[in-house]
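J.: Single-letter residue listing:
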Amino acid sequence: MSALQASGRGAAALETAGAWLLALIWILPLAYALWAAIHPSAYSAHFVPSAPLTLENFARAWNAAPFARYFLNTFLLVTMILAAQLVLCTLAAYAFARFSFRGRDLAFVLVLLQLMIMPDVLIVENYRTMSALGIVDTIPAIGLPYMASAFGIFLLRQTFKSVPRELDEAARVEGAGPLAVLLKVYVPLAKPVYIAYGLVSVSYHWNNFLWPLIVTNSVNTRPLTVGLQIFASTDQGIDWSVITAATLMTSAPLLVAFLLFQRQFVQSFMRAGIR
Amino acid sequence: MHGLEPKTAAAVAPPPRLRFAAPIHGWLLLLPAAVLLATFTHYPAVATIVDSFYSTPKARRAAIFVGADNYQAMLGDPVFWRALSNNIVYAGCVIPLTIALALAMALWVNGKIAGRPLLRLSFFTPTVLPMIAVANIWLFFYAPGYGLLDQLLGLFGIPSHNWLGDQHTALICLIAVAVWKDAGFFMIFYLAALQQVSPQLAEAAAIEGASRWYFFRRVTFPLLMPTTLFVLVNAVINAFRLIDHIVVMTQGGPDNATALILFYIYEVGFKFWDTAYAATLTVVLLILLALLALGQFLILDRRIHYQ
Amino acid sequence: MGYSKTKWLAALAGAAMLALTTAAMAKDITLSFYYPIAVGGPIPKIIDGYVADFEKENPGIKIKAIYAGTYQDTLVKALTAFKSGEPPNIAVLLSTDMFTLIDEDAVAPFDDLLKTDADKAWAKSFYPAFMANSQTGGKIWGIPFQRSTIVMYWNKDAFKAAGLDPDKAPDTWDELVAAGKKLTQRDGANVTQWGIEIPSSGFPYWLFQGLTTANKVLLMNEAGTQTAFDKPGVVAALQFWVDLSKKYGIHPAGTVEWGTTPKDFFEKKTAMMWTTTGNLTNVRKNAPFPFGVAMLPAHEGRGSPTGGGNFYFFKKMSSEERAAAFKFVKWMTTPERAADWGIQTGYVAVRPDAWDTEAMKKYVADFPAAAVARDQLKYAVAELSTHDNQRVTKALNDGIQAALAGTKTPEQAMKDAQAEAVRILKSYQ
Chain B
1 MSALQASGRG AAALETAGAW LLALIWILPL AYALWAAIHP SAYSAHFVPS
51 APLTLENFAR AWNAAPFARY FLNTFLLVTM ILAAQLVLCT LAAYAFARFS
101 FRGRDLAFVL VLLQLMIMPD VLIVENYRTM SALGIVDTIP AIGLPYMASA
151 FGIFLLRQTF KSVPRELDEA ARVEGAGPLA VLLKVYVPLA KPVYIAYGLV
201 SVSYHWNNFL WPLIVTNSVN TRPLTVGLQI FASTDQGIDW SVITAATLMT
251 SAPLLVAFLL FQRQFVQSFM RAGIR
Chain E
1001 MHGLEPKTAA AVAPPPRLRF AAPIHGWLLL LPAAVLLATF THYPAVATIV
1051 DSFYSTPKAR RAAIFVGADN YQAMLGDPVF WRALSNNIVY AGCVIPLTIA
1101 LALAMALWVN GKIAGRPLLR LSFFTPTVLP MIAVANIWLF FYAPGYGLLD
1151 QLLGLFGIPS HNWLGDQHTA LICLIAVAVW KDAGFFMIFY LAALQQVSPQ
1201 LAEAAAIEGA SRWYFFRRVT FPLLMPTTLF VLVNAVINAF RLIDHIVVMT
1251 QGGPDNATAL ILFYIYEVGF KFWDTAYAAT LTVVLLILLA LLALGQFLIL
1301 DRRIHYQ
Chain W
2001 MGYSKTKWLA ALAGAAMLAL TTAAMAKDIT LSFYYPIAVG GPIPKIIDGY
2051 VADFEKENPG IKIKAIYAGT YQDTLVKALT AFKSGEPPNI AVLLSTDMFT
2101 LIDEDAVAPF DDLLKTDADK AWAKSFYPAF MANSQTGGKI WGIPFQRSTI
2151 VMYWNKDAFK AAGLDPDKAP DTWDELVAAG KKLTQRDGAN VTQWGIEIPS
2201 SGFPYWLFQG LTTANKVLLM NEAGTQTAFD KPGVVAALQF WVDLSKKYGI
2251 HPAGTVEWGT TPKDFFEKKT AMMWTTTGNL TNVRKNAPFP FGVAMLPAHE
2301 GRGSPTGGGN FYFFKKMSSE ERAAAFKFVK WMTTPERAAD WGIQTGYVAV
2351 RPDAWDTEAM KKYVADFPAA AVARDQLKYA VAELSTHDNQ RVTKALNDGI
2401 QAALAGTKTP EQAMKDAQAE AVRILKSYQ
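Protein chains in written order, with my numbering: chain B, 1 to 275; chain E, 1001 to 1307; chain W, 2001 to 2429.
A couple of the hints might just be wrong.
Unchecked claim - Simulated crosslink set (EDC-like; lysine to aspartate or glutamate; CA at most 20 Å straight-line):
#1 Lys1058(E) to Asp2388(W)
#2 Lys2246(W) to Asp1166(E)
#3 Lys2268(W) to Asp1150(E)
#4 Lys1271(E) to Asp2105(W)
#5 Lys1058(E) to Asp2103(W)
#6 Lys2415(W) to Asp1077(E)
#7 Lys1058(E) to Glu2104(W)
#8 Lys1271(E) to Glu2086(W)
#9 Lys1058(E) to Asp2105(W)
#10 Lys1271(E) to Asp137(B)
#11 Lys2408(W) to Asp1166(E)
#12 Lys2316(W) to Asp137(B)
#13 Lys1271(E) to Asp2388(W)
#14 Lys2327(W) to Asp2340(W)
#15 Lys1271(E) to Glu2104(W)
#16 Lys2083(W) to Asp137(B)
#17 Lys1271(E) to Asp2073(W)
#18 Lys2064(W) to Asp137(B)
#19 Lys1112(E) to Glu15(B)
#20 Lys1271(E) to Asp2103(W)
#21 Lys2247(W) to Asp1166(E)
#22 Lys1058(E) to Glu2086(W)
#23 Lys2426(W) to Asp1069(E)
#24 Lys2285(W) to Glu56(B)
#25 Lys2062(W) to Glu2086(W)
#26 Lys2426(W) to Asp1077(E)
#27 Lys1271(E) to Asp120(B)
#28 Lys2408(W) to Asp1077(E)
No wet-lab data here; the hints were simulated from the structure.
This is chain B alone, in the form it adopts within the complex:
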């Protein structure tokens, strides 16, 4: 019995070591970014503990590109997309979950199609559409293809379907119209799903790159990712100190938000029953 225990403990120790090694490797890029950002260029490749600390890289990065404007653009973008998604997907999911109408199931399959045929794949055509609508290089143009999110509709439909019908009928008996029932019964019950979905959506669109790259031309509409890429790809050579400073600056909001709310983050996923 003791040998088994011992080997069990040995295996556990090995596993802990393995997990920790992996975690170390995983955090390495961020750790390196921190190192390079707070030390002068000359030390970006040399890990000398006595290297001088400096904030100059952040200052240079901030001055080299209009990051404040990029932050604003990104903030507007993700907020706009999330707001639209919440409204549109709620309405659509409600229709799918609780209404029966001709063509409903076909419509749902068509919606699910977007799970695989995401807007990122259709960049050429969507660009043409934006061009025809005359809204190229505007923030809404970045967001429009994503506002009707198949993922959101799917999640919310699932959630709405699991709401007991009694609550629905009770509200109706009280004289509430369909929209009032939606707002009073379904939406509050789906709160964990909304939070989970919101977190996924914000993180996805904060970090989205290819489509915003194509559809924006000017500083007034460029989000952080595009701004960062333009800033970092100078033909004259890569200065990691400044680039990592810019990277940290642009990732900071999400990073901080996650650090503060990781518990809620995980919990909302659990409660959303995404499994």
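Following the hints, complete the assembly by docking chains E and W onto the known chain B.
T.: Below, chains E and W alone, put in the same frame as chain B:
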């Protein structure tokens, strides 16, 4: 809950006006989302297919119908075949690796290992960083000689290597970056699912003398199947959608060793402005994605064990 | 809905007044100006400074300067904007994009603006090497602004340590190989310092022209309709590049990354490097050792391709806008400004008389390396530029990378590249 009391289910028929209005309401509710979806998903998909049969409109000449010419050109284009095979290899490596690691991470974080919050933090951080930002950092990792990877390998006496400039290793390097980026994100889904697995199952299994591996294989993993399906869908999408790291690190090189389909579409469509050929390539990508979607749902749906 | 008639009339009158006054105020011409950032230094600040000075001297003209990334990014942005009906007025784009822009019917030539003798003289005042990529069909399509050539930087300390004369760089291919052999240092199987690095990522064709020009072959014709990738001289140049690593072992194998080459130089991973003269300021600031700058080594001949960007005027401008834009471009390319731009960035000042200004003379006296690129101009050739330029250069780039990786012999690589180029250019014959 807003002062509503659940009444017992006496059959309360909905008032007549609702019953009549339901179909209209249904479509009305669906309308905004439907319009957007039609405009930015369904219409472009169809338009892409149509465009692939025409030539590219130039300043001096409008598009003309060319039948299967674009497809013939594509079949004869060695870069296309390279991009296709690269993408298949890339997806074939990234997807299983990411899912396996995500599962392992979730099991570790869910288990009794010391320092779990830090582990979870470390695994999840890549998710909140934009790929375009970290790609530059990975560029440093892979730099020959003084890059971090070579520095670490140098400690073990392994000579330095031109990781991104060697077509044998370049794609593998990008695979590593992609796995690193997504594993933590999927870990969260597995974590949520694991926390719903009743601990009594584990206790029962322990009493019966089942080994941990046996328990995992026969109980945990099947219970996680819905999550696995969900994660699989996401992983497949990302394997074809995420090309940010290529833009930063290799631009498809060396000699197209890291060209992926979407990257080639971007090059053809927005660098060469050959929109007809880009549409043709997009059609191939759409077919590929559709096949994968079908495959996933057909094969895996059978094996899902719902509680 | 409850508005009285009077209210409506008042609103209408107010709107009319507003329209009239705005029309009266709209003497202000606003021009949009896309420019790339391709070298180090606080470029946006410098450009903004120029724009502010210009606006001060030219009230009534406002310039909206928008920086758009690399040359590639800026071209994509400009063409994207053009295709969606909102082109920029002025853009600095690669001189080699000329044919692409003409084919897309996006830009207008400058000739009709050159009416006065002064203007005509101005158009002739640029270095002919730079104008080579700016003219076709007898018309001027671009005005040189930020132009460069390739130069060779060498680490003087490394030369001394290897027993070479630190003040003399190799001047021929043979000298290059000999020096490289002495400079390459190994630590077992690991190479700790290469003799030379010639980057081959991003746009290897440009660096390749540094070798083909030394072999006295040109890669394309002036009309941009034919290429000569499979000529023996071209193949030989590629063979030499491959041999640098395969035969002589003084150059890394595979593709060398453009962006990290300067850093490799600073980190002493390579003793010599070929890169743009635009990196001069960057190297001066960051190299922790004395360094030299030399013309590219000669073989049968000598020379380098030019590089960099020109001013282009986009179509769809009113005649007032064109006149204003023309003022701006002339202002940006006066000898004093060209000199100032060259000093601040490391680009080659684009006109001979810029080098005679006081500021430039002082700068060169203080930092002779700055004049190397200018001296090389008399051996400079046009950068590779054809119709459908992006595609043709990709064919060549892929071939170069394949040869350097060893997956194709130089002959095969160049044969395939030429076949692809012929296919692409067929419709332009």
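J.: Run every hint past the structure and note whether it holds.
T.: Now for the hints, and whether the structure bears them out:
1. Lys1058(E) to Asp2388(W): Distance ~12 Å between Lys1058(E) and Asp2388(W) Cα, so the pair holds.
2. Lys2246(W) to Asp1166(E): Holds, at roughly 14 Å.
3. Lys2268(W) to Asp1150(E): holds (15 Å)
4. Lys1271(E) to Asp2105(W): Roughly 16 Å between the alpha carbons, so the hint for Lys1271(E) and Asp2105(W) holds.
5. Lys1058(E) to Asp2103(W): Answer holds: Lys1058(E) to Asp2103(W) is near 8 Å, not above 20 Å.
6. Lys2415(W) to Asp1077(E): Holds: Lys2415(W) and Asp1077(E) sit about 16 Å apart, inside 20 Å.
7. Lys1058(E) to Glu2104(W): holds (7 Å)
8. Lys1271(E) to Glu2086(W): Holds, because 18 Å separates the two Cα atoms, which is no more than 20 Å.
9. Lys1058(E) to Asp2105(W): holds (9 Å)
10. Lys1271(E) to Asp137(B): Holds: Lys1271(E) and Asp137(B) sit about 18 Å apart, inside 20 Å.
11. Lys2408(W) to Asp1166(E): holds (14 Å)
12. Lys2316(W) to Asp137(B): holds (19 Å)
13. Lys1271(E) to Asp2388(W): Holds, at roughly 10 Å.
14. Lys2327(W) to Asp2340(W): holds (18 Å)
15. Lys1271(E) to Glu2104(W): The given pair, whose Cα atoms are some 13 Å apart, holds under the 20 Å limit.
16. Lys2083(W) to Asp137(B): holds (12 Å)
17. Lys1271(E) to Asp2073(W): Measuring from Cα to Cα gives roughly 9 Å; hence the hint holds.
18. Lys2064(W) to Asp137(B): The hint holds at about 16 Å.
19. Lys1112(E) to Glu15(B): holds (11 Å)
20. Lys1271(E) to Asp2103(W): Within the cut-off at roughly 14 Å; holds.
21. Lys2247(W) to Asp1166(E): Answer holds: Lys2247(W) to Asp1166(E) is near 18 Å, not above 20 Å.
22. Lys1058(E) to Glu2086(W): Within the cut-off at roughly 17 Å; holds.
23. Lys2426(W) to Asp1069(E): Given that 20 Å is the threshold and the Cα spacing comes to 16 Å, the pair holds.
24. Lys2285(W) to Glu56(B): Given that 20 Å is the threshold and the Cα spacing comes to 16 Å, the pair holds.
25. Lys2062(W) to Glu2086(W): holds (17 Å)
26. Lys2426(W) to Asp1077(E): holds (16 Å)
27. Lys1271(E) to Asp120(B): holds (17 Å)
28. Lys2408(W) to Asp1077(E): holds (17 Å)
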